[in-house]
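Peer 1: Here is how the chains run, residue by residue.
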Amino acid sequence: ETGVTQTPRHLVMGMTNKKSLKCEQHLGHNAMYWYKQSAKKPLELMFVYNFKEQTENNSVPSRFSPECPNSSHLFLHLHTLQPEDSALYLCASSQDPTGDYGYTFGSGTRLTVV
Amino acid sequence: KNEVEQSPQNLTAQEGEFITINCSYSVGISALHWLQQHPGGGIVSLFMLSSGKKKHGRLIATINIQEKHSSLHITASHPRDSAVYICAPTNTGNQFYFGTGTSLTVIP
Numbered sequence: 001e002t003g004v005t006q007t008p009r010h011l012v013m014g015m016t017n018k019k020s021l022k023c024e025q026h027l028g029h030n031a032m033y034w035y036k037q038s039a040k041k042p043l044e045l046m047f048v049y050n051f052k053e054q055t056e057n058n059s060v061p062s063r064f065s066p067e068c069p070n071s072s073h074l075f076l077h078l079h080t081l082q083p084e085d086s087a088l089y090l091c092a093s094s095q096d097p098t099g100d101y102g103y104t105f106g107s108g109t110r111l112t113v114v
Numbered sequence: 001k002n003e004v005e006q007s008p009q010n011l012t013a014q015e016g017e018f019i020t021i022n023c024s025y026s027v028g029i030s031a032l033h034w035l036q037q038h039p040g041g042g043i044v045s046l047f048m049l050s051s052g053k054k055k056h057g058r059l060i061a062t063i064n065i066q067e068k069h070s071s072l073h074i075t076a077s078h079p080r081d082s083a084v085y086i087c088a089p090t091n092t093g094n095q096f097y098f099g100t101g102t103s104l105t106v107i108p
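Sequence lines, in order, name chains A and B.
Take 1 as the starting number for the first sequence in my numbering and just add one per residue.
Take 1 as the starting number for the second sequence in my numbering and just add one per residue.
Be a bit skeptical, because a hint or two may be false.
To be verified - For the chain B half of the interface with chain A, some residues (derived, Cβ under 10 Å), not all of them:
{"#": "1", "residue": "N2"}
{"#": "2", "residue": "H33"}
{"#": "3", "residue": "L35"}
{"#": "4", "residue": "V44"}
{"#": "5", "residue": "G52"}
{"#": "6", "residue": "I60"}
{"#": "7", "residue": "T90"}
{"#": "8", "residue": "F98"}
{"#": "9", "residue": "G99"}
{"#": "10", "residue": "G101"}
Don't read these hints as lab results, they were simulated from the structure.
C-beta: ideal position from N, C-alpha, C; glycine also.
Kindly generate the complete structure, drawing on both the sequences and the hints.
Peer 2: And the structure:
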């Protein structure tokens with residue numbers, strides 16, 4: 001365990017389903033991130049939260065909805081996804097909002113949209 | 001064109017070999033991370049460096065900010081080093097750029 005815990009590890013959902021991914025860290029980090037990793041593509045930053053406030057949304061479709069209720073928890077709510085959204089979704093956290101210190105990733109959620 | 005280029009994309013080595021993975025980037029950065037991703041997806045940050053050289057055990061990372069180039073070296077490679085290694089420069093605006101990774105397989 002890296003200190004950043006993601007659940008579930010694997011998720012299969014239909015295009016009409018609604019599901020949520022959960023990320024939790026108790027490292028005392030102030031910034032949390034959602035990344036998408038598709039096959040043979042670089043990691044793509046989706047959302048950034050600093051001190052529970054969303055500071056970045058990299059043109060992510062509205063079918064992905066993040067929520068950060070506190071500095072230890074981050075959710076990614078999913079609805080009406082498309083098959084091309086199938087990917088590995090990684091959560092990360094860092095001590096410093098610049099990401100220069102203590103950058104830690106979770107193990108990811110492998111999402112398959114059918 | 002990706003802002004980060006890694007080479008080689010795939011690498012197979014015999015156990016014990018010295019390994020070098022290279023990373024070139026085209027953007028201005030404040031620091032650069034080397035990440036290790038094992039099969040199954042988990043990512044571990046190996047190094048964060050902004051100048052010179054860092055060493056952790058058998059791993060050595062170097063960076064030349066002027067040349068926009070970084071290298072990751074593994075001495076006395078071992079099968080457990082088999083993973084994808086990702087170069088990730090970052091700027092002061094908290095933006096990360098990611099290479100597509102180098103897939104390393106170390107054969108016993």
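Peer 1: All the hints need checking, so say for each whether the structure fits it.
Peer 2: Hint check:
Given hint, N2(B) at the interface with chain A, holds; its Cβ is 7 Å from that chain's nearest Cβ, closer than 10 Å. With a least beta-carbon distance of about 6 Å to chain A, the hint placing H33(B) at the interface is held under the 10 Å criterion. Checking L35(B) against chain A: minimum C-beta separation of about 7 Å stays under 10 Å; hint holds. Interface hint status for V44(B): upheld, as the beta-carbon distance to the closest one in chain A is roughly 7 Å, under 10 Å.
For G52(B), the shortest C-beta to C-beta distance to chain A is roughly 16 Å, which exceeds 10 Å, and the interface hint is violated. Interface restraint check: I60(B) against chain A, minimum CB-CB distance 19 Å, threshold 10 Å, status violated. For the restraint placing T90(B) at the interface with chain A, the shortest Cβ-Cβ distance is roughly 6 Å, inside the 10 Å limit, so the hint holds. For F98(B), the interface hint holds, since its Cβ comes within 10 Å of a Cβ in chain A; the closest pair sits about 4 Å apart.
Because the smallest distance between the Cβ of G99(B) and any Cβ of chain A comes to about 6 Å, under 10 Å, the interface hint for this residue holds. A hinted interface residue such as G101(B) counts as satisfied when its beta carbon comes closer than 10 Å to some beta carbon of chain A; here the least separation is about 8 Å, so the hint holds.
In the structure shown, a violation is registered for the earlier hints numbered 5 and 6, in ascending order.
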